[in-house]
Structure formats: structure tokens, C-alpha cells
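Participant: Listed here are the chains, written in short residue letters.
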Amino acid sequence: MASSSPSDLENPHATCSYAPLPGGTGDEPTVSRHPKKSAAIFLVCAFLSLAFVVALIGVDKAELNTNEAAVVLSRGRGVDKGVSEKSFRPLLGAENSYPWSSNMLDWQRTGFHFQPKNNWMNDPNGPVFYKGWYHLFYQYHPDAPVWGKIVWGHAVSKDLVNWRHLPIAMETDQWYDEQGVWTGSATILPDGQLVVLYTGSTNESVQVQNLAYPADPSDPLLINWVKYPGNPVLVPPPGIDEKDFRDPTTAWKTPEGKWRITIGSKVNKTGISLVYDTEDFKSFELLDQVLHAVPGTGMWECVDFYPISKQGENGLDTSIDGPGVKHVVKASMDDDRNDYYSIGTYDALKGKWTPDNPASDVGIGLRYDYGIYYASKTFYDQDKQRRVLWSWIKETDTEASDISKGWASLMGVPRTILLDKKTQTNIIQWPVEEINRLRTNATVFKNLVVEAGSLVPLELPAASQLDIVAEFELDEATVMRLNDVSDADVAYDCAKNGGAATRGALGPFGITVLAHEGLIEHTPVYFYVAKGVDGNLKTFFCADQSRSSSAMDVDKSIYGNVVPVMKGEKLSMRILVDHSIVESFAQGGRTCITSRVYPTKAIYNNAQVFLFNNATAATVTASLSIWQMKSAQI
Amino acid sequence: MNFSSPLTILFTLLLLHETLYSTMADQKFIENTCKGTPSPNLCLKILLANPKSQNSDLTDLALIGVAAVKDKGVEIIRQIVALKSSKPKLRPTLNYCEEAYHAVVYADVPSSSEALRGGLAKFAEDGMADSAVESQACERSFSEHGWMSPMTDSNKAMNDVANVVRAIIRMLL
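If you read the sequences in order, they're chains Z and E.
Under full-length UniProt numbering, the first residue of the first sequence is numbered 1, with each subsequent residue one higher.
Under full-length UniProt numbering, the first residue of the second sequence is numbered 1, with each subsequent residue one higher.
FYI, nobody ran anything at the bench for these hints, they're computed from the structure.
Nothing here was measured: the structure is a model prediction, and the numbers come from that model.
Where is the CB? At the ideal position from N, CA and C, for every residue including glycine.
A hint or two may mislead.
What the hints assert, rightly or not - Here are the simulated BS3-like cross-link-like pairs (lysine-lysine), alpha carbons at most 27 Å apart as the crow flies:
#1 Z/Lys-310 / Z/Lys-570
#2 Z/Lys-394 / E/Lys-28
#3 E/Lys-70 / Z/Lys-149
Unchecked claim - Only part of the chain E face toward chain Z is listed, based on derived beta-carbon distances under 7 Å:
#4 Pro-6
#5 Leu-10
#6 Pro-40
#7 Tyr-96
#8 Glu-98
#9 Ala-100
#10 Ala-103
#11 Ser-111
#12 Gly-118
#13 Lys-122
#14 Phe-123
#15 Glu-134
#16 Arg-140
As the list claims (entries may be wrong) - Sample of chain Z residues lacking proximity to chain E, with all beta carbon distances greater than 12 Å (derived):
#17 Gly-230
#18 Asp-277
#19 Lys-446
#20 Arg-574
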């Protein structure tokens, strides 16, 4: 029985509910101490630990690709934990909560992620800061929560967090965009003029580029738009298929003083980015050379091209170039639905870009995000001198559910982008600081020592809208002592190694969110540390949806990737929980994972958060700050 | 025109030969396409059932496939309506299935067709992937509630057709 003396709270070793410590950086920290209830709490905790152990044995549900609803128990963990596999209750029967109730579906709508009132959204378009307002346009299908004939939706904000929905900016009212007003970008000219280039799908379904501009440039809300009467300004060039020509970028200045854009395409299976120069956005000259090409990557959608500062802590205007600058080429790979980027060097005279590391080239190297994240686009926010990234986050439930709830898709929380000065080989992404203004009611835990194989319920007022910042340290002694290593462990793959239920000596450990008290449903976000034969540690960061919901008709993949950890760094993660979306960031944004989660039980007052350490050998010391997030006006 | 002239006969033979050759080539194209799907025989059955397939490019073949998904979906919805009368105990699960197939016929199919015509194969693929998932979810919902499924053949048929069409669409990427 755990004693409840004050020394316990300073050097906690229990597996019990923690009375959170006062202090920390939030408002009104919660302090609750109930010494008289400690016995009951201990028993409940012991049960929960057993339940956790049992739950993590896991029911390896047959993939949706088989027709048998087979329940397969993955390998047990032995009698030494005192858990009998017979004590595990299979998750079948009327317990399961189909069909989806409106209660469950209503809960899925987010509190602080951009989404229109109803129906379907995809790519972000023309993001820009203009006359004091942030503008976001987006691919919108007004008729159903599924992709269809697309128009440009529009919303404005003063802070990238609270939004005002405006009328549709552009409809399919011309022959050259009759089948869809597709993705495009905005450019602000030096005199303050704003122009937009976008792809139209013509009445014959040919992809062309069109010019549009505000009907009234003095209207800061940019409600009405004019399409250039001479549209289209670009049609597919020779050698390019009429359906492989879309998503023009923001323009940047060339050394000759012209404007330059790039448009993704493909030739056979080689993804390419075409380059055009223009002086007036009405007539264009195709350069002989592409900006870049990578064989085998297929069609490049939503290409983005922008400078990042080697030394500075600010973003850069798209036209900036020079010795202190690297350039990023990003593309959305049509083939695998992921956004890839690469850092390299731009030759402005030739209009060519070369990756620093060809092994990590566009489409084959780093991704912005290892979960659901596509068609992303950055803009330079000249007001706060930062480069901001928007991305489309689709649903991973069934269309039937989307129809029931009346909407589909979100935007991720906008992120700032900077070069990672420590590694030099990747960018870091971080939620814009304005999101912090939604933080309230902080709960702080300091130096919780979590033994191997334990679970710590965290007492919180609520758990559907959270900002969690956590730091972890593995106990050095175990790490040094570990001899039974093989290179198999460093070949860990978040997607394939069974998620948080698979135990290693030094992981997994982390935080499980949208968790039901019996862990019938939970979504662990965790580090898995592997020690190689050379003694070096390799750290993986994963988000595990395999037990996120009892529902059988939602995606239950496990996402993640390796995350670079520099010498002396603690392991840190930030998790934004917002109903059916969880955004996770490791090491200050070196590796990011966006997940869609659709629990049936771990919703409303039944959602909880647990800290866990499922390693077999190492103890982990964790410090966390957890804020309740207010809802934004959206 | 002199019909018995050697030139005319030669011309006619050449024309017939070309037509025969191009028909064989189209057939080869359809066969090769179907080889790249999980159920080549089912694929051939669907595509060859539509005479337009003889003059189709890959996009057109995919559109024929999507139409087959629609037809199957409509048929299954009728089956569900009939089952709701004949097996009233299964009604809650049948309602779930009806919503699933409603999504296939009225959302996934139109979206996939439009995406194929516009050249955005990925949205077409998503529609067919969802159609397969809806059929699997329907099938599982019976055992979830402890019932024997009265729709196993139909759900499997939809799953198979949707996966075939999805494979064809992936060839467009």
C-alpha cells in the first residue's frame, strides 16, 4: 500500500493517480490530495495496471481485408505478471457500439482546428496575410461530404486560430474552370497588389492555369474576385498530359527581375516540376529545364518552393536568395498520398534546384508528417516574419459516417517552419504560437518516476481538448548496462512492429490519450528507443491507432518514424488533442505525426489520459504540463 | 465502283484485317489490365460485359468498373430492403448496412466517376477503397451482434468488385 506522506509526492514511485503539483506555467493549477482515499486508489490502480497489461497484450484484430471477424491474441507476456490470458475478455458482442450514435459523431467535431460548417474540404489554397487579415481559401465541395465539383471556400482570421467564414470566393462559372476551381497560390507584388494563379479543370476536363485578382483591392476581406478575361494563361505544354498539369505555386523574383513559378507534373513515372517566367502573370515563358525531377515518384501535386534561413530564426519572403539561404522543394506524391520535402540549393540563373542529400530527395526522403497530412502549402507571413504551413487532413472513417455527421476533413493546426540548426538536415515544424492562447487550467506533473511495465492515470478536468508538453529521461544505468542487443531492434518500424503493446528493453513509453478507463480504447503516442550493437541509441516516435476505437470501420494504422536526438537532449513530445484529431510533435518538431481517431467510448467525460512505460528494463522519469484548450471561434 | 476489282477486294481484306487486329489488340489490352487486379476473371467479366470496353482507354475501363460497382450497390440495397421485411430481428444491423451501401451508391460512385473524368485518380481510388470498406463493415456488423450474416455473398461480391476497380484506377496514377 502506497504511503501518502509528502515525500511520496516529491519522489513518487507509485503506480497511482497523481495529485498534480502546484506551480508550472499555466493558470489555476489543480491540487488535490485525499490521503484517506489512498487505499481505494491503490486498489483501483493495481486493477488498472493489470487491465493495462492485459489490454496491451492486445487483440490483434483481423485486418478489414479478411471477412472473418477472428480474434487473435498476440503473444502473451507470461505468468510472471500474474496475468492469465483467460482473464482477457474478447471485444465482441453487444458491447460494441454500432451503429454510430449521433452522440459519438457529434463529439468528433474539433474545437480548434479549421473546418467549414459542413460538407467536404481538401487542399488549402492561396494562404496569405493581406491588409491585416490572414486569409485561407480551400477546396470546398458544398453539396456533400465527399470530393466533387470543387469551388474556393474562404475564411479570414486575425490570429490564425479564430476564423470568420466568408462567401465562396470563386465558383465554377467559366468554361475554363467548369469542372472545378482547383488548387492555387497567392503572390503579393512589391506594390502591395495581390494576384492568384489557380488550376481550372475546363469543360473538357483539361487542366489549365488561370489568373484571378480581388475585385476591390481595398477590401481587406477580399470578398469578391475577378477572373482575368484572357484566361487561361497557361495550358499544358507539349509532352505534358492534359491531366498532369496543376497546382501553381506562389511566384518569386528572378535575378532578371521577372516572376517565376513552378508547377508539378510527371513524365511516365518521373515526377517533375515545370518552371515558368512571367512579367505580368498573363503571358509566360516555359524554361527548358525543370526545377527538379525524381524518377519513380509519379505525379507531383501541390509543389511548394521556398527559402529558409541558415542562421536566422525568422521565415523568409519567397523571393529571398543569397548565401545565408537554403531552399526547400516539397511535393505531394499522388502515388502514396504523403507530403515529402528536401533541403537543397537553388541556382537562380538556371532555374534549377539540387538536393543536399540525393538519398533524401523529394519523394523518397523526409516527410512533413508521418500520419495523415497532404496537399500542404506554405506562405510567408510578412506581419510576423515567419513561414507558415497549412495542410489538409482527411477523414479515415467510412463515407457512411461522414454522411451521417455531415462533414469531412480538417486543416491541421498551422505550423511555423524553420531549418533545424542542430541537425542541418531537416526542418522543424511547430504549432503557431497563437494556439497557446487557447491554453487554460494547467495541470503540472514533475519528475514522475515510471517503472518498467507501469501505467499512471493522470487526473484532469477533461481530456478531449488538450495541449500536452512532456519530457522523458531513460535511466542511464539501464541504458549503459544493456548488453543483450541486436541490430534487429534498431530496425524497428512504427507501422509494422505492433504498436505500444510490443515491449523492448528501452521502450515504448509515452502518453496515451483519448483513453477509456479500462483501456478498451486508447491512442498511445510514444518513444521507442533501441540500442544497436555499436552501443548507439536510435529513437523512434510513433502514434498507435490500433486500439483507438472499438469500431471496426475506422483506420487503425500505426504511424511514425525515427527522430534525431542530439547528445544531451531529453526526449520531448508535444501532443495537441482535439477530439477526432491528435497532432504529435517530437524533439521540438523534428518528427511530426497527425492522427485521426474515432473512439466510441473514450469520449466526453469518459476520455482520459495515462502516462505509461511499457519497456521491460528501463525506468523513465517524466515531467508534463497539460493544458485544457479552449475552443476557438470557427 | 467496280466491286470485283482486285484493288477493292484487297482494300476490303486489309480493312477487315485491321479491324480484326485492333479488336485483338483491345482484347489484349483488357486482358493485361485485368491481370493487374486481384481478381482477373471477375475483372474480365465486368469489362467485357460492356461493349464500350473494346474502344476504351484505361480511364474508360475504370469508369466501366465504377458503373459495375454502382449496379452491384443498387442490387444490394434492394436485397437489404427485402431482408428488413423477411428478417425483422436483423433490422438494426440491416439499417447500418443500408447506410453503408447508400454511401457507396450515392457518394463514392459519383465522386469516383467525376474524379476519373477530371484526371484526379486518387479521389477515384478513395471512393473504391471506401466501397470495399463499407462492404466489409456491413459483413462484420452481423457477427458483432452475434448474428449469422444473410448477405455474405453480396458483401464479398462488392468487396471483390471494388478492389478490382481500385486496382485499375491505381494504374492511372
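Participant: Could you run down the list of hints and mark each one as holding or not?
Facilitator: Okay, the hints, checked on the actual structure:
1. At roughly 24 Å between alpha-carbon atoms, Z/Lys-310 and Z/Lys-570 fall within 27 Å of each other, so this suggested pair holds.
2. At most 27 Å may separate the alpha-carbon atoms for a hinted pair to count; Z/Lys-394 and E/Lys-28 exceed this at roughly 38 Å.
3. As the CA atoms of E/Lys-70 and Z/Lys-149 are separated by approximately 19 Å, the hinted pair is consistent with the 27 Å bound.
4. With 7 Å as the threshold, the beta carbon of E/Pro-6 stays out of range of chain Z, its nearest partner Cβ sitting at about 43 Å, so the hint is violated.
5. Annotation: E/Leu-10 was flagged as interfacial toward chain Z, and the flag is violated, the nearest CB pair being 38 Å apart, outside 7 Å.
6. Here the hint on E/Pro-40 is broken, as its CB sits about 18 Å from the closest CB of chain Z, past 7 Å.
7. For E/Tyr-96, the shortest C-beta to C-beta distance to chain Z is roughly 4 Å, which falls under 7 Å, so the interface hint holds.
8. Against a cut-off of 7 Å between C-beta atoms, the interface hint on E/Glu-98 is violated, since the closest Cβ of chain Z lies about 9 Å away.
9. Because the closest C-beta pair between E/Ala-100 and chain Z is about 5 Å apart, less than 7 Å, the hint holds.
10. Interface hint status for E/Ala-103: upheld, as the beta-carbon distance to the closest one in chain Z is roughly 4 Å, under 7 Å.
11. At its closest, the beta carbon of E/Ser-111 sits 5 Å from a beta carbon of chain Z; the interface hint therefore holds under the 7 Å criterion.
12. For E/Gly-118, the interface hint holds, since its Cβ comes within 7 Å of a Cβ in chain Z; the closest pair sits about 5 Å apart.
13. With its C-beta approaching chain Z no nearer than about 6 Å, E/Lys-122 sits inside the 7 Å limit, and its interface hint holds.
14. Contact between E/Phe-123 and chain Z, as hinted, is supported at the beta carbon level, the nearest pair being about 4 Å apart and thus within 7 Å.
15. With a least beta-carbon distance of about 6 Å to chain Z, the hint placing E/Glu-134 at the interface is held under the 7 Å criterion.
16. Below 7 Å, beta-carbon pairs count as interface contacts, and E/Arg-140 has one with chain Z at about 5 Å; its hint therefore holds.
17. With a least CB separation of 23 Å from chain E, Z/Gly-230 remains clear of the 12 Å interface cut-off, as annotated.
18. Residue-level check passed: Z/Asp-277 sits 26 Å from the nearest beta carbon of chain E, beyond 12 Å.
19. With a minimum CB-CB distance of about 44 Å to chain E, Z/Lys-446 clears the 12 Å threshold, and the non-interface call stands.
20. The beta carbon of Z/Arg-574 is kept farther than 12 Å from every beta carbon of chain E, the shortest such distance being approximately 30 Å.
Violation of the numbered hints given earlier is confined to hints 2, 4, 5, 6, 8; the remaining hints are satisfied by the structure.
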